[in-house]
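**Student:** Sequence:
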Amino acid sequence: MQTQAPLSVLDILDDWQQQRVVSHLDVALARMLTESNETAAEQQEAVTEVTALLTAVLSAYVSRGHVCLVLADVMADPESLLGIDSYQARQLAVSPGAVFKRWQLPEIIAWLQQSTAVACDPEQDDKVSCPLVLTQGTLYLTRFWYYEQRIRQRLQRRMRSALLATDNVAAMAEQLDTLFGTVQADSKAKADVVPWQKLACANTLRSRFSVITGGPGTGKTYTVVRLLAMLHFLANQAADTTQALRVRLAAPTGKAAARLKSSIQAALSELQQDSALAHWHPILAQIDSHSSTLHRLLGTIPQSRKFRHHAANPLRLDVLIIDEASMVDIEMMDAILDALPKHAQLILLGDKDQLASVEAGAVLGQICAGAEQGHYRQATFEFLQANSAVPLAASLYDPQGPEHLQHVVMLRESRRFASDSGIGKLASAINQADGAEVANLLGKDALAPSFADLHLLQGARDTDTELWQQFKGLCQQGYRPYWSALDARPDATASQDDIDAWGLRVLKAYAGFQILSAVRDGPFGVSGLNQQVQAWLPSMPEQSTWYEGRPVMVSANDYSLNLRNGDIGIALRSPQDETLRVVFEDSQGRLRWILPSRLRHVETAFAMTIHKSQGSEFGHAVVVLPPNDNPVLCRELIYTGVTRAANELTLMVPSWAVLEQSIQRATLRTGRLFT
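One point on numbering: in our numbering, the residue at position 263 of the sequence shown is 268, and numbering is uninterrupted.
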């Protein structure tokens, strides 16, 4: 009997595409590169097959947010790397593991080195024309290799550019004491707690690049408004000052930019009302709380990946502060650094433990890796200690600490939640993968959770009638303030200001209760939940796509309307002419009324994915998990969903095992920014 020849790699990739392991784009790229390969005939088949296979896998990996592919990792466990679940594995003609067993790692590297599609170990400044780059056993799409090289080079240049003159150190310390207090300018602080907010501010003033990271309520805004005051103070003290310090605030999304502006305004107002800081009031008056999206800051060019601001047309600023930096992908960070003038200072704010950006890269996460342990060299450690009356832990000292961690300070004490709040404690337990504490806090085996702000809806299966009835009651109660705000429409004689004020109240009421799903499909996904909620709410038209009260989320950037992916709007009828329009709040707190017919990419948003909720905060967040495990479920996803809740959190868990598995699964995006 004749042995059947094994399937070719391209045939296998076609099968994987049908089973949604890889996409049409991944396979098309693999075919294109293999067709252009010009290797010697005796080596052609092996080189072609290896190049095709790894091109498709790399492309699929990048679409999942990774920057590069470590070949040893894909050889060790290709199924996990590609996120293949047990059902998919059974449908495949040939599994990834079986395909990769055809070669050893040294063979794969050797074949790639012979491929004309691959540039091997290029130097940082080399002009690479090949579509792929292989370096140190890691494969890149060339575009992403360039991003990583440029970002590393530009950040290192800024790290090595000192800002604080030696004779300003003493003056800075004195001013920091007035702004933060000798221990901490907060009545909740303890005398034996390291003043990390003050130290973060001090460290940020040292160089042209720095990071302040911390979880919810750790005081990033509290720190930044005082940092802004210090920046203006030092600029005023500079002998060569010829113009006012130009500071810009930005965030990845319109929602995050609006929140940044409002939080800065609130913190600034608090400082201005402090009589003990009267001598600071002239400086505080110089602080501009205006905030914009990164796209608006850089100047979007329609239908292009490029921006109006770049190295040849840099931004006109001296300091750029970016909030929610965990959402900044590698391509955007490259564009930001390209557009920054050489003298400018870049300051990143964000929670390193949140989900990374939707697009490829985890820039903040890679910069902050190891921040809990400090890893401060002697000079950094001594500088921080000089600004703290409380001794720093010796464990934070590392004479061989990485250069980039000398520019990172992690805020460690959360103050958003009261001592009797469970949300912060639950977030911490999830972050530490402490399943037992998560179960204890949520009251898994008790009649109720341990804290009043935590609620658990637990079922045995996805058809659990009691679970759905509990969820229905929760939604009807949660959306009641929203529906009341809708009903409080001004009459036809109202001014536009009054109508806008009503629109803002509706948007605020909507933000008081939000359903967040971990997945898109199925009854527990965004699509199923939106359908179910609409069926439960009162006065809901059955056949109409557009109706008053429909919340929508923009699902793709619309440059003509200046709407960004993730922006939220509410459909409202104008009291003046009864025309249905969708109201959006811009980053300046102003309302825009847009006809539904002009909105091409929107979806109903009673429920949204946890990914889409980044940069937002809701009074009561309801985090819904699916009944079955899914590769997208991970610790960072659950943590991000939980920390969207400001006052109250409900976790809907059809299967407790799924929650346990999720918090044990950490997602580490592959990238070698500083490794």
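It is possible that part of the hints are untrue.
[Said to hold, decoys possible] Cβ pair distances, simulated, as ranges:
id, residue 1, residue 2, range
1, Q581, A94, 52 to 62 Å
2, D126, K477, 54 to 64 Å
3, R25, E112, 50 to 60 Å
4, A243, H29, 53 to 63 Å
5, G624, K477, 12 to 22 Å
6, D126, H29, 24 to 34 Å
7, K477, Q405, 56 to 66 Å
8, A290, L542, 21 to 31 Å
Hints were generated in silico from the structure; no laboratory data involved.
Ideal Cβ positions, reconstructed from N, Cα and C, are used throughout, including at glycine.
**Student:** All the hints need checking, so say for each whether the structure fits it.
**Tutor:** For each hint, the structure was consulted:
1. Q581 with A94: 52 to 62 Å: holds (59 Å)
2. D126 with K477: 54 to 64 Å: holds (60 Å)
3. R25 with E112: 50 to 60 Å: violated (29 Å)
4. A243 with H29: 53 to 63 Å: holds (57 Å)
5. G624 with K477: 12 to 22 Å: With Cβ atoms ~20 Å apart, the hint holds.
6. D126 with H29: 24 to 34 Å: With Cβ atoms ~32 Å apart, the hint holds.
7. K477 with Q405: 56 to 66 Å: holds (58 Å)
8. A290 with L542: 21 to 31 Å: violated (47 Å)
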